[in-house]
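Student: Make a model of the complete structure from these sequences and hints.
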Amino acid sequence: MTPIVFLDTETTGLHADRRAWDIAMIRRDADGHQRELQMFVDVDLSSANLRSLHIGRFYDRHPLYNRADGQFYTESAAAYSVEEWTRGAHIVGAVPNFDTECLAAMLRRHRLCPAWHFHLIDVEALMVGYLHGQATVAERAPAVFGADPTAQLLRDHATVPWKSDDLSRAIGVEPPVEGERHTAMGDARWCMRIWDKITAGGAQ
1 MTPIVFLDTE TTGLHADRRA WDIAMIRRDA DGHQRELQMF VDVDLSSANL
51 RSLHIGRFYD RHPLYNRADG QFYTESAAAY SVEEWTRGAH IVGAVPNFDT
101 ECLAAMLRRH RLCPAWHFHL IDVEALMVGY LHGQATVAER APAVFGADPT
151 AQLLRDHATV PWKSDDLSRA IGVEPPVEGE RHTAMGDARW CMRIWDKITA
201 GGAQ
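Heads up: the sequence shown is residues 1 to 204, going by UniProt numbering.
Hints should not be assumed to be uniformly reliable.
Said to hold, decoys possible - Across the chosen pairs, the derived CB separations fall in these ranges:
hint	residue 1	residue 2	range
1	Pro-63	Asn-97	27 to 35 angstroms
2	Ala-16	Thr-136	33 to 41 angstroms
3	Thr-74	Ala-115	15 to 23 angstroms
What the hints assert, rightly or not - For lysine to aspartate or glutamate, the following DMTMM-like pairs were computed, each having C-alpha atoms within a straight-line distance of at most 20 angstroms:
hint	residue 1	residue 2
4	Lys-197	Asp-165
5	Lys-163	Glu-180
6	Lys-163	Glu-139
7	Lys-197	Glu-75
Everything labelled a hint here was simulated from the structure, so no lab data went into it. Idealized CB from N, CA, C, for every residue including glycine.
Tutor: Have a look at this one:
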């Protein structure tokens, strides 16, 4: 089986030239072995969006700025770690192309080639499909589900535009608590919980 990497980043903005300053990866190999890595990156802030930095609590959390005794990586070192950890793996994330586009640019700046599998797995799309599937089952066998949740309630959660928190709760997975929200590792672990819920414990 192909290894999977649950991935998330916090970046300097939404613009095309954004840089990842908080990167989290949880790699699950074919034999079930699992390891995780979080990296704070010393990035160029000259084109950063201040609002985006505030959302991720950049100045409170980044070891270079919060005066805490924490490790940080040069962008070059982070790029080599990302290439190694993601090589040959399926990437699982919430809107994962947002993260992989940013990381691919980082790798290429350091003369590396992104080597993850080109099929990205978006847990939000998985949740929408899961809820519509559950709704169809409920419509066909209402006695199994009873009156709650109803098929319509399930479909309501999966109607665009959807909210990831609502989708997550609808499938029985709690979103990150306040201290984990908008942190790369908190969101990567959230994606892992969603994946494991939908795939019945992590079937690949």
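Student: Could you run down the list of hints and mark each one as holding or not?
Tutor: The hints, checked one at a time:
no.	hint	in the structure
1	Pro-63 <-> Asn-97: 27 to 35 angstroms	28 angstroms, holds
2	Ala-16 <-> Thr-136: 33 to 41 angstroms	39 angstroms, holds
3	Thr-74 <-> Ala-115: 15 to 23 angstroms	21 angstroms, holds
4	Lys-197 <-> Asp-165	15 angstroms, holds
5	Lys-163 <-> Glu-180	18 angstroms, holds
6	Lys-163 <-> Glu-139	24 angstroms, violated
7	Lys-197 <-> Glu-75	34 angstroms, violated
The earlier numbered hints that this structure contradicts are 6 and 7.
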